[in-house]
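Now for the letters of each chain:
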Amino acid sequence: MLIYILKRLLSLGLSLVAASVVIFLAIEVMPGDAAQIMLGINASPDAVEALRQELGLNLSIYARYLSWVGGLLSGDFGVSYTYRVPVTEMIGDRVWLSFPMAIYALVLSTLIAFPIGIIAAAKRGSWADWLVMGGTQLGVAIPNFWFAMLAVQLLAIKYHWFSAGGFPGWENPFLAIRALTLPAFVLALPQASILARVMRSSLLDTLSEDFMRTARAKGNTRRQALVKHALRNAMIPVLTILGLQFSFLLAGAIIVEKIFFLPGIGSLIFTAISQRDLIVVESVVMLLVFAVILVTFVVDITYAVVDPRLRRKAR
Amino acid sequence: MMRAFKMPGFLIGFILAGIFVLAAAVSFFWTPDAVDTVDIVNKLHVPDAKNWFGTDHFGRDIFSMIMVGARTSIAVAIVAVGIGMGLGVPLGLAAAARKGSILDEVIMRTNDLIFAFPALLIAIMITAAFGASAVNAIIAIGIFNIPVFARLSRGAALSLWTRDFVLAARVAGKSPAHISFEHILPNILNLLIVQGTIQFSLGILAEAALSYVGLGAQPPTPSWGRMLAESQTMVSFAPHLALFPGMAIVLTVLGLNLMGDALRDLFDPKIRRDRA
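Chains as they are written, first to last, in this note's numbering: chain A, 1302 to 1616; chain B, 5 to 280.
Keep in mind that a hint or two might mislead.
[To be verified] Straight-line distance between alpha carbons at most 30 Å, and here's what the computed DSS-like set of lysine-lysine pairs gives:
| id | chain 1 | residue 1 | chain 2 | residue 2 |
| --- | --- | --- | --- | --- |
| 1 | A | Lys1519 | A | Lys1529 |
| 2 | B | Lys10 | A | Lys1308 |
| 3 | B | Lys10 | A | Lys1424 |
No wet-lab data here; the hints were simulated from the structure.
Between the sequences and the hints, there should be enough to build the whole structure, so can you do that?
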């Protein structure tokens, strides 16, 4: 087990290094000189040169990469080119919107998907199954930004059940959750549809296993056998998808935040890109990728805990 | 292939997707109204006999714009799938042919790396770096498709490499590259078609999302995503502006997904027996 974890840790580290190089190079090729943009097109060349010095833009590419990564490791994300405040400060509050929203969406997605996936599998071929299969097919086909527009129009503006956008902060948790409910639901819908389908097909696979017949033969009712034996065994593919979905939710948050005017990580990236605030773009993208890689790592370790076969295979 | 048309799911999907492909094709020769002329007098008309889907804030006919927009969506998605298949499949086949080699390791780890970047994030960064345009949207979506096809073809190819007919080909002295293209590829074609259909629908959704945030096709090229973005401020008094482009996206994606699912059931006898 220890060797397995160490191996995974090593690959986690390598992924992070590779990701940081890719992000750094991607930002390198972006057009536009940060110093020039900060000072405007009328700035004197001397002033631009002086600012380039100050920002360290004249250093070699290796020096800049190392100083960036070194900063990240020590918790220093640099100073925003545009606002002259530490990037950590800019990310600080926003993280507390985007990550809770992604987790909220993940919870909603699970709460929707598990029951309907299980019902569809247990009552295969029934009208309930058809309804779930049709509904989920529609759920993945609806673009979340369109759904968001319609939902805001109907549920927020017409009926005032939810807020139409903006975020009041966490001082009043009730208001904060109310503000995040509609965005999280919009975010969750396609993921819940996918998850429900995976749950259904995984459960159907397990239900045809020999041990299920044994469980029934031992005198379990259909329901008991399903809950006690089938569900647990059907969870592995479901967990995989759940882990993958976190990255979709984080990325999806970028668009959803834009629709609901939420001051989160996604809207930060958009403004930073349009203002050529490259240091912010770099650090925020790295943060998101780090979150995704970390989740993958946790999922891998969870498997090994759940399924000892994987541990041996990995050696 | 003809068997597919006997499946209701495939038939419905084929008709849905077919309508939009047809609309895109027809739009090259004919649209009910011009899409690039401003006609302010007739702005924001509700749907009627003349403008079936109404007109937008410039007085353009929405039905015509959806026809032309289908062109953008379909072209972007098809080319993006092409990029994904064109690069991903050879990479996956090469990785499978040299399983366990450094080449395999490099290809698969690079795949993992691309997967770690949320797709939309790659797209936003690419379009931010090289400017917003339909071409850059294609590249962004295409890059995300590469690891999908590489993984799929590697996985499928690996199981084929253990089969007797491949062994026979190796004994006959054929090179791994030869075997990959002559014997492995035809056998994984079904899987690729299914995945291609799914990625096609994802491509349409991705294009719409990118256009919606202003990073896809630029005006005056009509695009479903941008039509929705433009309708956002007017949706409360002119809901038809948002309704029809959104429906176009949903129906196209739904059609492609239904086709993909039906084909998967058709090609995989195990699933057909167990889950039908």
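Results of checking the hints against the structure:
1. A C-alpha spacing of about 13 Å is found between Lys1519 of chain A and Lys1529 of chain A, which places the hinted pair at or below 30 Å, so the restraint holds.
2. Taken as a hint, the Lys10 of chain B and Lys1308 of chain A pair is broken in the structure, with Cα atoms around 50 Å apart against an allowance of 30 Å.
3. For the hint pairing Lys10 of chain B with Lys1424 of chain A, the CA-to-CA distance comes to about 25 Å; that is within 30 Å, so the pair holds.
Violated hint for the displayed structure: number 2, the only one.
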